[in-house]
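If you want the building blocks of each chain, they are given just below.
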Amino acid sequence: MSALFELRDVTMRFGGLTALNRFSMQVEAGSIHALIGPNGAGKSTVFNCVSRFCMPQRGEIFFDSRPLLAEPAHRIVQLGIARTFQNIEQLHRMTVLETVLVGLTSRTPRYFSFAPGATRARAERRAVEEAEEILSQTALIGFRDTLAGELDFGRQKLLDLARALASRPRLLLLDEPAAGLRNREISFVDSILVNLARERGITIVLVEHVMQLVMSVADRVTVLSFGEKLAEGAPSAIRADSKVVEAYLGSEAAHA
Amino acid sequence: MYGAPPPKQLAALGLLVLAGFVLPHALPDYFLYIGNLLMMYAVLALGLDILLGWTGQFAFAHIAFYGFGIYATALLNMRLGIPFVLGMPIAAAVAALIGLLIALPATRLRTVYLALATYAFAECAQWVFRTWDSVTRGPDGLRMSAPQIFGYMVGNDRDAMPVIAIILAVMLGATLYLVRSRLGRAFCAVRDSEHVAAASGIDVKRTKVLAFTISAFYAGVAGGVYTLFQSFVHPDGLGVWTLVLVLTMIVVGGSGTIGGVLLGVLLLGVLPEALRAAPRGLLVWQEFAYGLILILAIMFMPRGLWGLVIYRLRRKARRGPPPQAVPVPALEREP
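Here the protein sequences come in this chain order: A and B. The first sequence begins at 1 in this note's numbering and counts up by one. The second sequence begins at 1001 in this note's numbering and counts up by one.
These are calculated hints, taken from the structure and not from any lab test. Be aware that one or more of the hints could be misleading.
Stretches of chain B that chain A covers, calculated by requiring three or more beta carbons in the stretch to come under 8 Å of a beta carbon on chain A [unchecked claim]: (1) 1001-1010; (2) 1185-1196.
Label pairs and their calculated CB-CB ranges [to be verified]: (3) 133(A) to 1031(B): 44 to 54 Å; (4) 1302(B) to 107(A): 29 to 39 Å; (5) 1115(B) to 122(A): 45 to 55 Å; (6) 1241(B) to 40(A): 45 to 55 Å.
Backbone N, C-alpha and C define an ideal beta-carbon position, used for all residues, glycine too.
Required output: the full structure, derived from the provided sequences and hints.
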């Protein structure tokens, strides 16, 4: 199998701070690839470069052999890449259903906004049907008309995932989906991720500190430290890697 | 929001038009004037709220587009003999075009910088209205001739009311559809989080430019409406005072909600008329009072009166059966 997604030699500096230093990684199609490392290692910066929120000084990013850095931010999702956010960035004054409808934007046809019409009626009906289906799959349908800002923390994370899934991505970038969740919720996230990857063939890049989740779902793990790649390999190999244990995991987690 | 406006709301638009035709035969002139004024403010406020309440852009050039709509509609009629039914759409379209041109640089700015830049533009526009004597008659003000609509002369509030009611119904209907559209949701998404919006495939810059353009179009239409029931326009009426009035309507009523904006227009549009009975000395404090109301509303009622009403209704609904807790299901793990 070839790489669906690739970062090649990416360097991203913010003023004097080098967030990523000639960082490269390849993600196989259909795999769950975890990106781990201490806080400030540059994990979220990888996602923000892909989302086109920041422009690397050097290097290239490819999706399906297509250079991404030439694309504007709103085109990324049309190419098949969706992402979630680490600090819950919610559409807090929109309802749960509306949030998923926003996620469906790239797949909802344009129509004249100011008047009734057949195209509009069809587009809206289909979008709402699909949004409700996604909400059923993510167990959020009972909160259909709740404001996103009024959901509990766990469900806000779930809604962020539902919004991202609405675009039917081929590649899903998840920024700490399990942070702050309870054990029971973590195992729910675990089952969702495995289901997405194995059943629907979605390639997943997962930034996560919850090692229990990473070790259980990841096919491959890349370890970042101070913007550079420290190690890469299968979860079992990473757990045994003395450099990783020293820089990030600590000896206790190594036995977890 | 999504889908189409509920039939009740569309029926209300029909009632509005009906009232526009019936009331002129039932009410004295003074009330008709107030009615026309409120309907004009409604168009103006709905337009500003598209930018402010729905898209979350603190831009204050609105008053300039409104002034432009007034002068353009009036002058097209007086100088070139272009009738209102053509002149007003042309004026509104040109206001929208200027809005678009302003938006291109303005969307690079945020928050207080955007507010200052657009406010500066509004001040410049007022200066133009005041000093371009040969066109606007400058500080003398412009006496406008009565517009004609299909040969029907609109000479007073009685004649104007049905026309204004139709215009408001059209603009209100368009707004009801807009906020329930893909574009309307894009506005809200940009307001709540530009990152989430962009990551969901929304072109943030294009969405902001559209909000500016549409908002300026509403202001242009409101300016056209002004020429229907007023016979005189003065640059002094196109400054910060009118801007604060419209802002107060939106904030007190409830920004980002159509019901709230209409409520705010009703309350704050009627207030100065009610205050006319007050002793002369107090009127000096009117502008001060509006500023104070605006600040208090922002501090203590961030969702406006409409937000309070909705909150009460929801609490009432909650007092019924308690909401069902939805358990988080455990999906089957694949082997």
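We went through each hint and held it up to the structure:
no., hint, result
1, 1001-1010, "holds (count 4)"
2, 1185-1196, "holds (count 9)"
3, 133(A) to 1031(B): 44 to 54 Å, "holds (52 Å)"
4, 1302(B) to 107(A): 29 to 39 Å, "holds (34 Å)"
5, 1115(B) to 122(A): 45 to 55 Å, "violated (40 Å)"
6, 1241(B) to 40(A): 45 to 55 Å, "holds (51 Å)"
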